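Undergrad: Here is what each chain is made of, one letter per residue.
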Amino acid sequence: MPAIRRCQPLLGTRVEIGLAGACSEDALHGLASLAFARIRALEGALGFHHPDSELVRVNRGAAARAQPISQDMRAVMTEALWMSRLSDGAFDVCVAGPMVQAGLLPDTCGHVEPGGDWRDIHLDTAGIRFARPLLIDLGGIAKGYAVDCAFQGIPAEIDVCINAGGDLRMRPWRGVTIGVRVPDGEHVRSFEMRDAGLATSIGRRGAHASAILDPASGTASSDPRSYSVWAATAMRADALTKVACLAPLEVDWMRLAGGQASSLDTFGCTMELTEASAVPSVIRA
Amino acid sequence: MKRAPDPRSGMNRRELVTGTAALLCGLFAWPTARAETYLSVEQAQRLIFPGRTLTRVPVVLDAAQRRRIATVSHERVRQAELRAWKSDAGEWFIVDNVIGKHENIDLAVGLDSQGRVTGIEILTYRESYGFEVRNPRWRAQFRGRDHSRLLKLDDPIRNISGATLSCRHITDGVNRLTHTWNEVLRSL
Numbered sequence: 008m009p010a011i012r013r014c015q016p017l018l019g020t021r022v023e024i025g026l027a028g029a030c031s032e033d034a035l036h037g038l039a040s041l042a043f044a045r046i047r048a049l050e051g052a053l054g055f056h057h058p059d060s061e062l063v064r065v066n067r068g069a070a071a072r073a074q075p076i077s078q079d080m081r082a083v084m085t086e087a088l089w090m091s092r093l094s095d096g097a098f099d100v101c102v103a104g105p106m107v108q109a110g111l112l113p114d115t116c117g118h119v120e121p122g123g124d125w126r127d128i129h130l131d132t133a134g135i136r137f138a139r140p141l142l143i144d145l146g147g148i149a150k151g152y153a154v155d156c157a158f159q160g161i162p163a164e165i166d167v168c169i170n171a172g173g174d175l176r177m178r179p180w181r182g183v184t185i186g187v188r189v190p191d192g193e194h195v196r197s198f199e200m201r202d203a204g205l206a207t208s209i210g211r212r213g214a215h216a217s218a219i220l221d222p223a224s225g226t227a228s229s230d231p232r233s234y235s236v237w238a239a240t241a242m243r244a245d246a247l248t249k250v251a252c253l254a255p256l257e258v259d260w261m262r263l264a265g266g267q268a269s270s271l272d273t274f275g276c277t278m279e280l281t282e283a284s285a286v287p288s289v290i291r292a
Numbered sequence: 030m031k032r033a034p035d036p037r038s039g040m041n042r043r044e045l046v047t048g049t050a051a052l053l054c055g056l057f058a059w060p061t062a063r064a065e066t067y068l069s070v071e072q073a074q075r076l077i078f079p080g081r082t083l084t085r086v087p088v089v090l091d092a093a094q095r096r097r098i099a100t101v102s103h104e105r106v107r108q109a110e111l112r113a114w115k116s117d118a119g120e121w122f123i124v125d126n127v128i129g130k131h132e133n134i135d136l137a138v139g140l141d142s143q144g145r146v147t148g149i150e151i152l153t154y155r156e157s158y159g160f161e162v163r164n165p166r167w168r169a170q171f172r173g174r175d176h177s178r179l180l181k182l183d184d185p186i187r188n189i190s191g192a193t194l195s196c197r198h199i200t201d202g203v204n205r206l207t208h209t210w211n212e213v214l215r216s217l
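As you go down the protein sequences, you meet chains A and B in turn.
Mind the numbering: the first sequence is residues 8 to 292 in the working numbering, read in order.
Mind the numbering: the second sequence is residues 30 to 217 in the working numbering, read in order.
The set of hints was computed from the structure by calculation and includes no laboratory data.
Possibly wrong hints are sitting among the right ones.
Just some of the chain B residues that point at chain A, by a computed CB distance under 10 Å [to be verified]:
#: 1; residue: Tyr67
#: 2; residue: Gln72
#: 3; residue: Gly148
#: 4; residue: Gly191
#: 5; residue: Cys196
Here are some chain A residues pointing at chain B (derived, C-beta under 8 Å) [stated by the list, open to error]:
#: 6; residue: Cys14
#: 7; residue: Pro16
#: 8; residue: Arg21
#: 9; residue: His36
#: 10; residue: Ser40
#: 11; residue: Cys168
#: 12; residue: Leu175
#: 13; residue: Ile185
#: 14; residue: Val187
#: 15; residue: Arg188
#: 16; residue: Val195
#: 17; residue: Ser235
All of these numbers come straight from a predicted model, not from anything done at the bench.
Each residue gets a CB set at the ideal place from its N, CA and C atoms; glycine is no exception.
Hey, can you work out the whole structure from these sequences and the hints?
TA: Written as structure tokens, this is what we have:
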């Protein structure tokens, strides 16, 4: 069966697309090229770094009046707000404010007073509106969404794996072995895929990883472990890794969201976070 | 109380000596831990410029050109000889190499007749962590740990999750090539 693998720099990382199917290699390359084009378009719309992006327009104008938004932005924001509600704010796209203050994101939208959070974001038929000036960044979720969009463009009879810097989705996934990097090491630990989507985040910022900030306090995580989450979609997995990094004991949240999580320490030892025999549900104080 | 010697410092000294000796012998090698080839040059040409006839153009940058390109792009020009092809429509297809701390990447870049990027494809990706990977004392720290499912990077796992090195080197390399077009290729 013909199979191809392609790789392009996109989304600030390397995006790999693997396809296999009973058709010509040219046809597979055509599908891959379309998938890359879809991702490129999303990068332009949802990126914090692009001065002409939809996201920058929303950041600059949504406090003054409702901003009309694309279907893609609506899909991402709907998921983001659901995740914020589920995780009691551990996931919050308003973490952009503290990230700009910490110099982790460019200052493209002007200064915003701290103190706002996801509850100040209102999504309705008119678009998106902020109850107060806010800065939102979709870096914790948009990569997964881009993977899902590219994935959905591949016909069902074609086997596919789309991997955007470690956020991936594949079909088929049952019985497939993948590798997860040991954080700050050069080894890889093998795992069996537990669902179609997988994402991994490291708590602590390093040469290989961007920072995870606690949205409430603005402080950076110093957890050296990495957290891998499997879920039905790459976007769900991507968002849940942030929750896993900041609140690894909140097993109920993970299960409610349909996620399965494991952590890896710098020695390559793994801990299962969501298996039935793992840490029992934490009673919140 | 005397502290036990840190095995890591001894390992670093040995690495430095070995690495320096190898460098001096001209035998500096990349002990590649992982390598993947995505496309050949010809495949990349067909994907970036479908249907075009591309002709190889010998271009060797002189010292002044290399200096100018390095100044405007803020990146050193490591190779004077370009692997460049030109189409009848004035487009350019360039194969280049970028090296990061742990990565060695061959890539193909397409530029239109105005020097704008029309496509980027990674041809080959190589990942390596130098001599550390082969150092027995470094690997000994894993003794007693459950590493039955712990693999070296050169085991055949194709799909990997986890933190990935950013593609900053690629972006800088592509930027250098657009400046190369501006300084040299646009007048060829």
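Undergrad: Was the hint right that Ser40/A lines chain B, CB cutoff 8 Å?
TA: holds (7 Å)
Undergrad: For the hint on Tyr67/B, just tell me whether its beta-carbon gets within less than 10 Å of chain A.
TA: holds (5 Å)
Undergrad: Please verify that hint: Arg21/A, Cβ, nearest Cβ of chain B, below 8 Å or not.
TA: holds (6 Å)
Undergrad: Grab the minimum C-beta distance from His36/A to chain B and call the hint holds if it beats 8 Å, violated otherwise.
TA: Holds: closest Cβ of chain B sits about 6 Å from His36/A, inside 8 Å.
Undergrad: Less than 8 Å between beta-carbons is the criterion; does Cys14/A satisfy it with respect to chain B?
TA: holds (4 Å)
Undergrad: Using Cβ atoms only, decide whether Gly191/B comes closer than 10 Å to chain A, and label the hint accordingly.
TA: Hint holds; Gly191/B Cβ to chain A Cβ min 3 Å, cut 10 Å.
Undergrad: For the hint on Gln72/B, does the least C-beta distance to chain A fall short of 10 Å?
TA: holds (8 Å)
Undergrad: Go through the hint on Ser235/A and say holds or violated, using the shortest Cβ distance to chain B against 8 Å.
TA: holds (6 Å)
Undergrad: Take the shortest C-beta to C-beta distance between Cys168/A and chain B; is it under 8 Å?
TA: holds (6 Å)
Undergrad: A closest beta-carbon separation below 10 Å is what the hint needs, so does Cys196/B meet it against chain A?
TA: holds (4 Å)
Undergrad: Regarding the hint that Ile185/A lies at the interface with chain B, is the smallest CB-CB distance below 8 Å?
TA: Cβ of Ile185/A sits 5 Å from chain B, so the hint holds.
Undergrad: Less than 8 Å between beta-carbons is the criterion; does Val195/A satisfy it with respect to chain B?
TA: holds (5 Å)
When held up to the earlier numbered hints, the structure conflicts with none and fits them all.
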